[in-house]
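Protein chains: 2
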Amino acid sequence: MYKLRCITCEKIYEPSRDLYTCPHCGDRMGTLEVIYDYDNISIKKSEFYPEGDISQFSKILPINQYVVQLKVGGTPLYKFKNILGIKELQVKYDGTNPTASYKDRATAIAISKAYEFNYDTIYCASTGNAASSLAGLTAPTKLNTFIFVPASAPIAKIAQLYVYGANVIQIDGTYDEAFDISMVVGKKLNWYSRNSAINPYLLEGKKTGALEVIVQNNFEPPDVVLVGVGDGTVISSLFKGFYDFYKLGLINKIPKIIGIQAQNADAIVRTFEKGKPYTPVDITSSTIADSISVGKPRDVIKACKYVEKSGGTFLRVSDEEILKAISELANLTGVFGEPAGAASYAGLKKAIKNNLIAKDEKACIFVTGNGLKDIKSVEKLIKPIKIKPNLEEVLSFINEVKS
Amino acid sequence: MYKLRCITCEKIYEPSRDLYTCPHCGDRMGTLEVIYDYDNISIKKSEFYPEGDISQFSKILPINQYVVQLKVGGTPLYKFKNILGIKELQVKYDGTNPTASYKDRATAIAISKAYEFNYDTIYCASTGNAASSLAGLTAPTKLNTFIFVPASAPIAKIAQLYVYGANVIQIDGTYDEAFDISMVVGKKLNWYSRNSAINPYLLEGKKTGALEVIVQNNFEPPDVVLVGVGDGTVISSLFKGFYDFYKLGLINKIPKIIGIQAQNADAIVRTFEKGKPYTPVDITSSTIADSISVGKPRDVIKACKYVEKSGGTFLRVSDEEILKAISELANLTGVFGEPAGAASYAGLKKAIKNNLIAKDEKACIFVTGNGLKDIKSVEKLIKPIKIKPNLEEVLSFINEVKS
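Line by line, the protein sequences give chains A and B.
Basically this note's numbering = 1-based index in the first sequence + 9.
Basically this note's numbering = 1-based index in the second sequence + 9.
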């Protein structure tokens, strides 16, 4: 029902148990796309409903059987009319997934593939959302799970992995060292890899966010979508989701896609700005938005090609803008995103200011992680004012607040 | 469509703007029940669906109009067959609500009532889930929100309130002082009170969790439900939800309800054990499960009466059992609950051990809050083992783990 195609040399492969990336172009330039035989897929709008989990899209997912029990996807899309000077703001909020981030969409597919390929163990290297997602979603399955993390990762993030009962390998070294050793060990021990980008099926899981936005808009796509960008997989997946529905005749246009990177983690913006043929520009990244703090993005080629095809672009936002975006978004919509999630809102404001979004357009931002994942970064919002518990002092404080 | 009845003297009142509790019996003994004219409500099973928000139950909610935009309710119910020696374990997980706890169900009703009664300001005293729920759900509304907290509350919990843009009044005193001054100020300034238990409508919001469990079981109720108990409102609400559906002829039995309290926060267990007529036994509470750490429970009378009517009981669990329950539940099901949420699982194990649940019965536990709300309490699960990033050391560690 589907094949794999190299994003660079466009060679087509039959899917097989051990094929992750194009053997000719390598892990970085040779990430694979899943391509379907659209003419032979019979699909109707009425098959889908707004609150369904991602298995409702099985006809365009590269799996034999969906085996995940926890509810992944079917996350809310909130709509706010005539706001910020545009026709409509839509907020796709993935903080309500089982482990509270967008990553669950990819993990659900990884687990289904691990079953299909008959692996008994699955692993990833990550300190963040991918790690907790893999640990959480594999907990009620028969799979063994190994997570490689740098021992220096925030204690709260490591704690969560132990809660879910994953086998945690705390590497006495950097994240890159943890990643590299995970690949060597995974290959040697014949484990399934949930390392993003090199596994072509993960993007297919992530695209379900885009599919849901379409369903939740009654198949009338918003004009622009915006999302924070780290490795480049999520943004690529949005294009892929829209593209699939477009090729199947379910929508008549693909929204412009705008990728948002943190100012000091802007490897993909740099690559995109240098123009074609896209070649990766690697940097040393640094931002409070840890989930998109990537210096050497793995899916940079897809991200640039797809965003260009959509008629979109990339923007940078500062850490200050991201922090401000967290509370502004929460104030306006009640949606509390982690820094990487709120980056899309910071980008929206910049895009409106730069006239990239017209007054009569609808824009949809993806908030990819729950703010509860990173309380530390918002603690500076607290005002250190203590009031004595007597009526006069409290009333005087309230009057101050109100004026 | 509904009236209010005192839980103690059973006097019936017409609802009115300023009526919170029975004027004769007072705030503690005189909490009010919302009673419906069941004979004149036309309701069908087919009106409901598993993923719908709580507004689908409007016919048995005490509101004119549901005004909350964020998706409250429709949270997942997970089922695990033949586990722990019983027929089925069901997990009702409310960590996916907008502010990640069960409290959003009550807040949604409080906001709708504030609109109906034409209030411009709403308030509560709380350091925990009620506070973040009120701050979050009112953020996208026109309501002004004031939250009274003791300034000594955990910084992470206070930070969240500022993120949502609530007016935070940090009281230089205890929680009880914050509560008392909030009541005085709220009355003086004519604000709507979202202080649990004294507001009879909040329980009606909370009962939607029970209604959903019934819908998600195709109107065949589980045999037993278990939930952590603090003030006594949530457990009372479960009975009320089942009772409403029973009186409407949608189910043919009410499940046994078992309330779980922390060993050193067992005021309601003590009251229940002393027997009828129930009179509150107040204590000084202390438990890691902060959301159920209540020494002076406000809804104790309803909780005791309702649990007795259901044929259920109350149990105590230790903090150690609660901590163990967090990881055991997460390991078994992938559901990561906060301590008060996992208390229901600790209670389930005790109930099975004490033969309160038979082998052929189905039990449903309510996990009322997301584990991300309290990462601190699970940090002690971390094993302090660092591995050098070389193949030999990693393989040797993996062999150790596997054996």
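Calculated directly from the structure, the hints in this document are not laboratory data.
Keep in mind that a hint or two might mislead.
Any copy, or any two copies together, can satisfy a pair, since identical chains are not distinguished.
To be verified - Okay, derived cross-link-like pairs now, DSS-like style, lysine-lysine, Cα gap no bigger than 27 Å in a straight line: (1) Lys90 to Lys371; (2) Lys54 to Lys262; (3) Lys256 to Lys389; (4) Lys389 to Lys151; (5) Lys314 to Lys90.
Being a predicted model, the structure only gives us computed values, none of them experimental.
Results for each hint:
Only within a single protomer do lysine 90 and lysine 371 lie at most 27 Å apart by alpha-carbon distance; the minimum there is 9 Å, versus 45 Å between protomers. In this homomeric assembly, lysine 54 and lysine 262 come within 27 Å of each other (Cα to Cα) only inside a single copy, at 16 Å, whereas the closest approach across copies is 39 Å. Taking CA atoms no more than 27 Å apart as the test, lysine 256 paired with lysine 389 passes in neither setting, with 47 Å inside one copy and 51 Å between copies. Only between protomers do lysine 389 and lysine 151 lie at most 27 Å apart by alpha-carbon distance; the minimum there is 26 Å, versus 42 Å within a single protomer.
Taking the shortest alpha-carbon separations for lysine 314 and lysine 90, neither the intra-copy value of 32 Å nor the inter-copy value of 47 Å comes in at or below 27 Å.
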